[in-house]
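Going down the list, the sequences are from chains R and X.
Converting from the first sequence to the working numbering requires adding 973 to each position, the first position being numbered 1.
Converting from the second sequence to the working numbering requires adding 973 to each position, the first position being numbered 1.
Be aware that one or more of the hints could be misleading.
Identical copies look the same in the list; a pair holds intra-copy or inter-copy alike.
Said to hold, decoys possible - Taking lysine to any residue and the SDA-like style, the derived pairs with C-alpha atoms no more than 25 angstroms apart in a straight line are: (1) Lys1092 / Phe1196; (2) Lys1092 / Asp1202; (3) Lys982 / Pro1073; (4) Lys1313 / Met1361; (5) Lys982 / Pro1072; (6) Lys982 / Gln1081; (7) Lys1465 / His1175; (8) Lys1092 / Arg1198; (9) Lys982 / Asp1085; (10) Lys982 / Ser1012; (11) Lys1092 / Asp1195; (12) Lys1092 / Asn1197; (13) Lys1467 / Ser1456; (14) Lys1467 / Leu1408; (15) Lys1092 / Ala1293; (16) Lys1313 / Asp1098.
If you are wondering where the hints come from, they were derived from the structure by calculation, not from laboratory data.
Number of protein chains: 2
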Amino acid sequence: MDTKLRELKTLLCEASDFRSANSVLGWDQSTYMPIGGGSARGRQIALLARLAQERATDPQIGRLLDDLRPYAENLPYDHSDAALVRVARRNYERLIKIPPAFIGEMYQLGADSYNVWSKARTENDFQATQPYLERILDTSRRLANYFPGYEHIADPLIDDADYGMKATILRQLFAQLRRELVPLVQAITSQPPIDDSPLRRHFPQAGQLAFAEDTIRRLGYDFNRGRQDLTHHPFTTRFSSGDVRITTRVQEDYLSDCLFSSIHEAGHAMYEQGIRPEHDGTPLGTGTSAGVHESQSRLWENVVGRSRGFWEYFYPRLQAAFPGQLDDVSLDEFYRAANKVERSLIRTDADEVTYNLHVMLRFDLELDMLEGKLRVKDLPEAWHTRYMADLGVQAPDDRDGVLQDVHWYAGQIGGVFQGYTLGNIIGTQFYATALRAHPEIPSEMQRGQFNILHSWLEENIYQYGSTFTADELVLRVTGEPLSILPYLMYLKTKYGELYSLV
Amino acid sequence: MDTKLRELKTLLCEASDFRSANSVLGWDQSTYMPIGGGSARGRQIALLARLAQERATDPQIGRLLDDLRPYAENLPYDHSDAALVRVARRNYERLIKIPPAFIGEMYQLGADSYNVWSKARTENDFQATQPYLERILDTSRRLANYFPGYEHIADPLIDDADYGMKATILRQLFAQLRRELVPLVQAITSQPPIDDSPLRRHFPQAGQLAFAEDTIRRLGYDFNRGRQDLTHHPFTTRFSSGDVRITTRVQEDYLSDCLFSSIHEAGHAMYEQGIRPEHDGTPLGTGTSAGVHESQSRLWENVVGRSRGFWEYFYPRLQAAFPGQLDDVSLDEFYRAANKVERSLIRTDADEVTYNLHVMLRFDLELDMLEGKLRVKDLPEAWHTRYMADLGVQAPDDRDGVLQDVHWYAGQIGGVFQGYTLGNIIGTQFYATALRAHPEIPSEMQRGQFNILHSWLEENIYQYGSTFTADELVLRVTGEPLSILPYLMYLKTKYGELYSLV
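Please put together the full structure from these sequences, using the hints given.
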């Protein structure tokens, strides 16, 4: 058994190493690659993706998994060998349905499209991206059709990111959430608006980056096993347990973008850094689902990073980091500014209350496109219509409209947005559980200490990587299935207080 | 024929793309990788190297080359298809002698050793590197032994970098050169020393980098198809014709390091950027030999970058870039300082006259190690002994001694140093030819214009990539075989004047 297990791990590790090498190429493409490098880079990314797929679907992996099944099934469910064989089989059975050449094509398209989007976004030129997006829609449909028998064409794509989820379940869940959020947003926006002008003063880039780095280091992001760089669109990428990188962006006239993006990505990255190193190079060695991943980023960004306790410690430091700039702003005014709720245009900058409206409309648009109800050429208009209907705002252009998020342009339509809202829900479920176990977490936070929370997350969530599915993990950690109640309770309490709602 | 040629190009391009992808991993390892990333990175680099080797030795390439031989041999020698088939065959026949697993092992060792060296160099700890260097010596010997029938064990390694060269030829050539250089150094160092203290004032890093970038942009390095970053040891790396990157380093108390390193690497990079894009992904799409490559870096660094004409244009700009710092230094004093000849410790900082003494002693030490005459553990002492004998100086430690150059520690002993001296020789041969064709080059230079020289190099050298061997290229461009005479003439004229020798 030992020999077979070792052989399996070697084969899986090689497939994983191809993916990781490709992630380095992708990271470089977004951070430092000169413009001239784009075309060869797309070809190289496609090649490595195809190779990774070939390796991951090597029939020898299938044979070894068959041979190891009796061994694995006799182990406790959470034994790492049992989990390895279980998760490897799930991945293998999914992957063998997709031809490597198709994967190569999809990555080539994604890389080409990314290059076009980078330029088009700056130039507010949706039309330049349209032919790419049309091909991406077609490719996403083809990908789904490698998994016939679905209920909704988005299901295979959703399932890949959030195992076990389906369009119908999500539509119900999101409808339920929307029913609660719409009146909450209504109630809040009928109150006098919070003044967030303190966040919109001049904060030089270097100072913002330094403050963000100091902050996330204190939260627990390990710079010996990672780094932060600048990109259009912040992201986290894992090359190994010893190298999990994040990116951020800076607006010198808006403090929130860099700081909260950095905390958000550090949340993702601490999850990846916290996975047991022994899982490196195995299918267990990465976060278990998009939703659980976002639960970590959104928990740190919002539940922690936008809490009053957090700012009790950090606000004097922020004031010191930008001398003179915030002297006239009290902690309370700052805390309120950082939590201003408003009907706005940019998802990544949105407050906690309206955020899910941004996500859910994208989710709906994805499904409409996949179903063939919405054509790519009509997407900008549909975008504006939905923003007007759901948020009551209209972007002046596509740059702050349909071009704002990289996701679709990077190669896939379908399955890429639901994770954010799932993350908000799961994150508060986890946090409520952590609080029950350690009621001292908020007071630790006021002292700038995050060790209890970080250790609890590591112990209960991070270390396992993909050992458990999202559903299993939520049940195991919180004792309950996925539920929107803790999230609604959290929002209503926090924003009820901030906006003096009754 | 067309189909076969296309298939051949596809296969060669995939092998090349694996190497390029690996170069991205290597670049990242040297520039931005956090310390925790080292171990997985080594494994990933080894994997890609093995794959590249597997692809490059695919028997289908051999079959296609056989099928294409009659077609290629009926074309003119310099036709790009003829060259492609010719050079691809040469590479293929070389590569099939080396097992892919050995390549993987060699790269793994190189990556591990590089990580150890990076730390050991800072800590002046040769002992930490010794076991790695011993394994590298062993691996280099094994590599050579895949090519039995050599005259000297270093020959296959030399031949790989500088096709057609051998230890005996080089020993003769170097002996000839040494006979001329030793008395020249003697004569110069018996003159009153030049004062180079103006170069050793305080020059802040940001200003040095900005000045270096402006300079190399003006020489012709295209930042849309490249970039410059910081590393311990400067290097050039090519990912594609659209992405050729360089690195540099900065000493704030020594102006020459960053500036001349940048020009040196830009020389390499302009060669790579100037290769016809159609050669991208083929065996023609890279510089033809280490010697020709160094001819370009050394030509730009020294013949151009340390010439008086060059500084007529750049010196006022340098003064302006560091306000107040060089006001009391005349152009002439600066020019002399930038060309000070001295018996010194660091190869990359050495002046043009002593430089080859640094190279030749490394070459000799390489041969001694490969022959088994010198053990790795005795290398630091042998280093000190040779420096004392050849240059009359002794490093205070190994950091400025045997640990200074990355080459051996990066994975190979043998074949890695001769190119520098060959480059000095070939570079002046080329330059003398360019001058005959365009006597106006020096006066253009005085006006900060480098277009005539750059275009001449592009036309005669760059565009061809590996189409011609070094020997063929030298003969074709200069009308003569490799000769040290132009180089000696250049040195004697320039330094005779600088040091008032008769």
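Now for the hints, and whether the structure bears them out:
no.	hint	in the structure
1	Lys1092 / Phe1196	between (31 angstroms within a copy, 17 angstroms between copies)
2	Lys1092 / Asp1202	both (19 angstroms within a copy, 24 angstroms between copies)
3	Lys982 / Pro1073	both (21 angstroms within a copy, 21 angstroms between copies)
4	Lys1313 / Met1361	within (20 angstroms within a copy, 71 angstroms between copies)
5	Lys982 / Pro1072	both (22 angstroms within a copy, 23 angstroms between copies)
6	Lys982 / Gln1081	between (28 angstroms within a copy, 19 angstroms between copies)
7	Lys1465 / His1175	neither (32 angstroms within a copy, 59 angstroms between copies)
8	Lys1092 / Arg1198	between (31 angstroms within a copy, 16 angstroms between copies)
9	Lys982 / Asp1085	between (33 angstroms within a copy, 22 angstroms between copies)
10	Lys982 / Ser1012	between (34 angstroms within a copy, 17 angstroms between copies)
11	Lys1092 / Asp1195	between (33 angstroms within a copy, 19 angstroms between copies)
12	Lys1092 / Asn1197	between (33 angstroms within a copy, 14 angstroms between copies)
13	Lys1467 / Ser1456	within (18 angstroms within a copy, 81 angstroms between copies)
14	Lys1467 / Leu1408	within (16 angstroms within a copy, 77 angstroms between copies)
15	Lys1092 / Ala1293	neither (37 angstroms within a copy, 35 angstroms between copies)
16	Lys1313 / Asp1098	neither (31 angstroms within a copy, 56 angstroms between copies)
The structure shown violates the earlier hints numbered 7, 15 and 16.
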